[in-house]
Amino acid sequence: MSLTDLIARFDVDDPTFLADPYPVLDELREATSGFRNERTGQWTITRFDDVHATLRDRRLGRSYSHLYTHAALGKPDPDPRWAAFQAHERWSLLCLEPPDHTRIRRLVSKVFTPKAVAAMRPTVQHFADELLAPCRQADSFELLADFAQPYSVAVICSMLGVPRADTRLLLDWSHAIVKMYELSTSDEVREAANTAAGEYIAYTKALIADKRRTPDGLLVSELVQVEDEGDVLTEDEIVSTTMVLLEAGHEATVNTLGNGLRALMHHRDQWRRLVDGEVEPRVAVEELLRYDPPLQLFERWVLEEGVQIAGRQMKLGEEVAMLFGSAQRDPRRFPDASRFDVARGDAAHIGFGGGIHFCVGAPLARLELEIALAGLVRLFPSLSLVSEPAYLPNFVIRGLAAVHVSG
Amino acid sequence: MRVRVDQSLCTGHQMCAIAAPEVFGADDFGNATVLIDGDLPAGMEAAVLRAQGNCPEQAISIDA
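In order, the protein sequence lines correspond to chains A and B. Numbers 10 to 416, taken from the numbering used here, label the letters of the first sequence in order. Numbers 5 to 68, taken from the numbering used here, label the letters of the second sequence in order.
If you are wondering where the hints come from, they were derived from the structure by calculation, not from laboratory data. Don't take each hint at face value.
[What the hints assert, rightly or not] If you only want the chain A side, here are some residues facing chain B, beta carbon under 8 Å, derived: (1) Arg65; (2) Arg67; (3) Thr111; (4) Arg114; (5) Ser118; (6) Lys119; (7) Thr122; (8) Pro123; (9) Lys124; (10) Ala357; (11) Gly363; (12) Gly364; (13) Ile365; (14) Phe367; (15) Ala371.
For glycine and all other residues, C-beta sits at the position ideal for the given N, C-alpha and C.
Take these sequences, add in the hints, and give me the full structure.
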């Protein structure tokens, strides 16, 4: 097959590709270190070393608007129809670069510390026990809706200080919003994302007002109160920060657990190693994050002339798309890369990104995944799939629609 | 208090430079360097402890 034919198979509208992108990703990565995606204009890179270096390269950024106008780089202005969506991510850490990123990340990491996360362990354990108990009573259950989603939302809500009763609202908004990050979206999907973002902003503003009146010492309240050498977060910054923590705090965790459990069910011998206690859940979590990651593609903008990536000379204003799922199975980096091995225990994957945008919630995600996996292994040693789970028809954010299992 | 970065562990996230910019810088590869030789001046301990706690690779060690 020619390289052109191979690149054509990287088709995010093709259901066969979306159901299992890895055969195409494996072939692409071996054929080329990078290719131009004509549909999106992105220079798309496939190999671990290049992705690893690009994540840390300060000549690229998640945004260019701190340095250049849209017009200066020959790009269209943001579509005014999606103003609420743009407002929602305007001050998100994921879309900021220094100096704003440095300032906000420093304040967020002041309250989102590994120590604070470690102190969450009993609470997280409690949520897992509480939600898994009814699953034991049932003949079968749906891992995502019955456990992973309410579990993950309960954890992030209790850390942020968001009422658990609002779980359904938050899930619906978040599911609608993250579709905006796909490579191929319809106006209908964009409209839904924008409406959700607008409602979510209004909700978050009310929540912040509430925390100003009645501080509770939890994360949103702390963001309102936090001061670092006289620096404070503005209202808009707190809104964006709260929303990104809530969104990132469960979408990725739920999908990692779903994708990971599917892999475990398809590799019965690996599940057995957990049940037999040969491999600790904490160790297996790293392989779940590597093998079928919930984020398949992440972008950076080139902010300077003269940048070379994956052997290609880049121009200022070009966009680089990093294929995480491909990089995580690069045999140059991981021995026997396509093998699912729960004992691999290699935590230096790029499942949490890298560089200044390295996932601020990584310690919380690891804790949640470890406790969830440990609970499932302990309570459901003979867990099996009731039916073959189907992936949602998205590429960037990879997750299953449902995972029906019986214990 | 003295601070060290284990170069075999550091992969250049630069979280330490965000937490304590007076203490941590970057070499040409983006990996962390310690800007202060010897004992840290007073008042920097809290920021350095935060940098240590936030390091994703746990590459920072502190000698009392």
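Agreement of hint A:Ala357 with chain B interface, Cβ distance less than 8 Å: holds (7 Å)
Quick one, is the A:Phe367 hint okay against chain B at 8 Å, beta carbons? holds (5 Å)
Interface hint compliance - A:Thr111 to chain B, C-beta minimum distance less than 8 Å: With Cβ-Cβ at 5 Å, under 8 Å, it holds.
Hint status (Cβ of A:Ile365 to nearest Cβ of chain B, threshold 8 Å): holds (5 Å)
Just to be careful: measuring from the Cβ of A:Arg65 to every Cβ in chain B, is the smallest value less than 8 Å? holds (5 Å)
Have a go at the A:Thr122 hint: is there a Cβ in chain B nearer than 8 Å to its own Cβ? holds (6 Å)
Holds or violated: A:Gly364 as interface residue toward chain B, Cβ cutoff 8 Å? Result: holds, 6 Å to nearest chain B Cβ.
May I ask you to test the interface hint for A:Ser118 with respect to chain B, counting a Cβ-Cβ separation under 8 Å as satisfied? holds (5 Å)
A closest beta-carbon separation below 8 Å is what the hint needs, so does A:Gly363 meet it against chain B? With a closest approach of 6 Å, the A:Gly363 hint holds.
Min Cβ distance, A:Lys119 to chain B: is it shorter than 8 Å? holds (7 Å)
Next item in the hint list is A:Arg114. Is there a CB on chain B closer than 8 Å to its CB? With Cβ-Cβ at 5 Å, under 8 Å, it holds.
Could you check if A:Arg67 really has its C-beta closer than 8 Å to a C-beta on chain B? holds (7 Å)
The structure agrees with every numbered hint stated previously.
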